[in-house]
Amino acid sequence: IFPVAQWEKLWGDMSAIPELDCRFLIVSRRRGQQLKDVAQLDGWLRDGSAAYVDSLCEWE
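Just remember that the numbering used here sits 800 ahead of the position in the sequence shown, which is counted from 1.
Simulated from the structure, these hints should not be mistaken for laboratory data.
Ideal Cβ placement from N, Cα and C applies to all residues, glycine included.
One should not assume that every hint holds.
Now the in silico label distances, taken between C-beta atoms and shown as ranges [stated by the list, open to error]:
1) Q834 <-> W859: 33 to 43 Å
2) K836 <-> L856: 17 to 27 Å
3) P818 <-> V838: 20 to 30 Å
4) L845 <-> P818: 22 to 32 Å
5) V853 <-> L825: 39 to 49 Å
6) W859 <-> V838: 14 to 24 Å
7) V827 <-> A850: 42 to 52 Å
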């Protein structure tokens, strides 16, 4: 487990500091995907994110 820090606009500058150990990790898109527009629903359904959320829910 690595501690995580997020720099959005300064990331390019922060990764150039030799004392800073920078790494990139591959994570599932379903983990942090946010739907902010109706136009994203089709892609969300096709990439498996909808099925993932469905698997977390208990439907009656």
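* Asked: Using the C-beta atoms of K836 and L856, is the stated range 17 to 27 Å upheld?
  -> With Cβ atoms ~20 Å apart, the hint holds.
* **Q834 paired with W859, Cβ distance criterion 33 to 43 Å** => Given a distance of about 23 Å, which is not inside 33 to 43 Å, the answer is violated.
* Does the hinted range 20 to 30 Å hold for P818 and V838 at CB? -> Violated, since P818 and V838 (Cβ atoms, about 45 Å apart) do not stay within the stated range.
* Is the gap between the beta carbons of L845 and P818 within 22 to 32 Å? -> violated (44 Å)
* To do: Using the beta carbons of V827 and A850, state whether their distance is inside 42 to 52 Å or not.
  => violated (18 Å)
* **Outcome for the supplied range 39 to 49 Å, where the beta carbon pair is V853 and L825** => Given a distance of about 22 Å, which is not inside 39 to 49 Å, the answer is violated.
* To do: Confirm or reject the claim that W859 and V838 have a C-beta distance inside 14 to 24 Å.
  => holds (23 Å)
The structure shown violates the earlier hints numbered 1, 3, 4, 5, 7.
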